[in-house]
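**Student:** So the sequence lines, in the order shown, correspond to chains B and C. Counting along the first sequence from 1, when you hit position 22 you're at 22 in UniProt numbering, and nothing is skipped either side. Counting along the second sequence from 1, when you hit position 458 you're at 458 in UniProt numbering, and nothing is skipped either side.
These aren't lab readings, by the way, just hints derived from the structure by calculation. Misleading hints may appear alongside valid ones.
It does not matter which identical chain is used: a pair holds within one copy or between any two.
In silico PhoX-like cross-links for lysine-lysine, where the CA-CA straight-line distance does not exceed 20 angstroms [stated by the list, open to error]: (1) Lys187 - Lys417; (2) Lys291 - Lys351; (3) Lys475 - Lys61; (4) Lys540 - Lys106; (5) Lys61 - Lys439; (6) Lys351 - Lys532; (7) Lys247 - Lys291; (8) Lys106 - Lys265; (9) Lys339 - Lys439; (10) Lys87 - Lys524; (11) Lys528 - Lys106; (12) Lys351 - Lys417; (13) Lys379 - Lys398; (14) Lys291 - Lys133; (15) Lys61 - Lys87; (16) Lys106 - Lys350; (17) Lys417 - Lys350; (18) Lys375 - Lys505.
Number of protein chains: 2
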Amino acid sequence: MKRTRKKLKIIPLGGLGEIGKNITVFEYGDDIIVVDCGIAFPDDDMFGIDLVLPDTTYLIKNKDRVKGIILTHGHEDHIGALPYVLKNINVPVYGTRLTLGLLEYKLEEHRILSDCDIQTVSQGQTIEVGIFKVEFIRTNHSIADSVALAIHTPVGVVVHTSDFKVDYTPISGEPIDLQRFAELGKKGVLLLMCDSTNVERPGYTMSEKTVGKAFEEIFMNARNRIILATFASNIHRIQQVFDAAVKYNRKVAISGRSMVNVCKKAIELGYLNIPEGTLVEIERINSYNPKNLVIITTGSQGETMSGLSRIASGDHRQVEINNGDLVVISATPIPGNEKSVSGVINELFKKGAEVIYESLADIHVSGHACQEELKLIHKLVNAKYFLPVHGEYRHLIKHANLAQNLGMNPERTIVMKIGQVLEINSDEARINGNVQSGKVLVDGLGVGDVGTVVLRDRKHLSEDGLIIVVLTVQKETGAVITGPDVISRGFVYVREAEGFMNDLKQVCQEAVSKCEGRNWSLKKSTIKDTLKNYVYQKTKRRPMILPIIMDI
Amino acid sequence: MKRTRKKLKIIPLGGLGEIGKNITVFEYGDDIIVVDCGIAFPDDDMFGIDLVLPDTTYLIKNKDRVKGIILTHGHEDHIGALPYVLKNINVPVYGTRLTLGLLEYKLEEHRILSDCDIQTVSQGQTIEVGIFKVEFIRTNHSIADSVALAIHTPVGVVVHTSDFKVDYTPISGEPIDLQRFAELGKKGVLLLMCDSTNVERPGYTMSEKTVGKAFEEIFMNARNRIILATFASNIHRIQQVFDAAVKYNRKVAISGRSMVNVCKKAIELGYLNIPEGTLVEIERINSYNPKNLVIITTGSQGETMSGLSRIASGDHRQVEINNGDLVVISATPIPGNEKSVSGVINELFKKGAEVIYESLADIHVSGHACQEELKLIHKLVNAKYFLPVHGEYRHLIKHANLAQNLGMNPERTIVMKIGQVLEINSDEARINGNVQSGKVLVDGLGVGDVGTVVLRDRKHLSEDGLIIVVLTVQKETGAVITGPDVISRGFVYVREAEGFMNDLKQVCQEAVSKCEGRNWSLKKSTIKDTLKNYVYQKTKRRPMILPIIMDI
């Protein structure tokens, strides 16, 4: 009978073979729980897209079986998709205080907070969700109150580290609960799911404290105003800015909507401890001596509308760069942001600021575990099977290799794609079938209405623009009444290319004259092909060509 | 009289405050010479642009005074714009053998080689161009046959390092001619112009030889086919691949048009030394045992149409990834290319290849001098004035600081913008006025016909697409005869949004009905504004809206 007993199903709907939109489904019998529900940021070829959500069709189809969603921490790539998903699947959401505090802002923005069932869990606590017992294990990460999960299932324990690092001297709270990982490992863990983000980096990730030391040195030597940019969610980093500010007698002003919101929430929940009178209004910064002021802002990734970008480009409402201002960018550019960050840095230099950034000082540390920390977790948990998560494909492969180098049987290291179904019990683990998964694109208010066709058109338009040919014809005979008129956008600068535009008109006229009669689509295709060839031959460009025929 | 004597004018038309399109004008009395004439690659916001040329209007205006163009080495950002510029200013071009060898390909492609006056100069040689004596000084760089220039002028000697590094053990030829730099310095140098690319990097750039050592280790341990991607122009790198191949008994095949061209030219000119029978046709690779084969290809930057990208995406004509193939990417991603390179790496892993890339081994070294090398040159040349070149603004600032830390008077370190005119003689150096400068965009055959308007439209179209509204009206009365028809591209997927598209049509109809009469532009603006507001309110998107009125 043992052979036939039910298996645990694990279905990653995001976060494998990609950075972001982390979401994993755990399924046993009729019970489903979901771990995290994050967004990804659009790729360069997703023109005009604001956000990327995971495709949760599978969950919607099985909504009655979903018992709850468990969050490991409050980063966008772990909670960002919840406002969209909860509209379709309204189930209880479990997380630590800060995580839920940050989530509440989002749910308010989407006006669904009051409809949601949000339940606070503390580090170390175990909750029952359907048939699953989910244990919250304290970890360290670049955001406070983050946890790993031990998911106790009928077929064994699954340890999911989520994003983590090992920090023996965290800014607040305790180091990661290594003893509990060890205890679980001692008792026997079926499967380890582990963060792969930094698997290519040898050694250890430095403690967040080292950044504080760098800040102190910078604050000690700075003779003017300090403007510091970092991630709004990195409360420990922000705490260290306040600590250094207090120590060197500076007031702190906060700029940037998300930075203000997060700090407000963090203060309210007691995750940020600020001495009375340290925090000052951004509107009042000019009433302080520059050498007694720090401005904390967003935009460490060079985001166009962020605080730091506005400051650099000179259109920030309150902050203007003065000669000698010291700007500290306490972050590393996420792949793809290098150029925009570097652009911001150059602008700041041009305005007379001194800029300290990543390549020049220890003003940033990663929130993810490097190789030695990963080995530590692997050895403590000592799981029977290993599933690398949270990384691009090459990271997953390298993480599987790392486990194998630690002695794990290659057949027990499982590299999955999103949408695949892992069936596992104490006897075996195998990939068996898959479910719908992928990307849902958010553009303005539209969710999923921009697909490959629209994106292909946007790409085409972005490269060579378009030419519109309008023609009015006699409905009965097809005889041309007026036109063809030729209009272009994003193709050539018409004012300087009138001659050429007239040529195009000429070419269209000839094309039209070639195909008389009432076959509109023939007319259109003739215009299109003739114009396309002519334009390419003359310019080596392939603008989109739109023939429009009005029949009256 | 001394006060009134003529000054040397130095006008950078590119390469300062930017990476690429290096070109500098030297002017004394009626004589002008130009150093280098390179392209830059388009920024992310230059939709559809192929190349960026420096604006050489100033040279065209003064073409009769231009005595010659001097090239320091054969990289695109130093010679790439010549085919375009020589069409307007046909003057003698001076360079070393390999530099001119590579240039000839370009001039042939543009069918102007036969009209051009190209004169070979060897390292160490001095030529007279107008009133200037230009001395070619041997340097090391990531391309063979590169030189610095000592420009002997009536007001003193200007040393222009161009791109360089100090390599005591270069692959072929001699190390940089430090003695000559010292000798010039001893005699007295008026101005140093020095490469700033790596000014942020402490220490020394490693010798190209260290890459060879890494190659040997990789080749020694590889059990299957090796596919190696690097820059086509890095002949020393390619030589080292051949050396390792010969040593470990592998044949070498070359893939990628530019790689083939450069190698052919380098062999012809004797810059690549390949033992008989080592080179094999790419068409015949499958007749060799994988463990006896190396394929050298382009695409180390993840360029879409390049050899390695085609191999990774599975549409390369001759090369298909087999399980166990070893891919070596011998380059560092240039800022902006990180994501595409990383995409290629993931694809290769998915196809079963093992991939070695920069973060994992010493398979690449920079071609530019780091801080210690820069200090060495500053001290040897010991110039009176210093002008940092070849770098973004922040690099120029940091290079000026480096000179000041070596004891140079800040008033003698000059940070310039392109187009500015530096007037200098032995008594003083000051920026005095400026000339036209900037970017000329190349799109297909069009040079300069794509400007800000076209780019703004392309950006707009790429983000939200467009909506076209066509209307036929009675010429005399303005009464609507047919329409409005509403057509969209890159906005919403029409098949799934028919209802919404009908709403838009409805909205247009109402708008039109509001403004009767013969005022076309009023009709258009009414349609535009009404539709714009409606669409934004419904979708939070701002597509381009094009009302077209046909009157008959």
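**Student:** What hints, given by number in increasing order, does this structure fail?
**Tutor:** 1, 3, 6, 10, 11, 14, 16, 18
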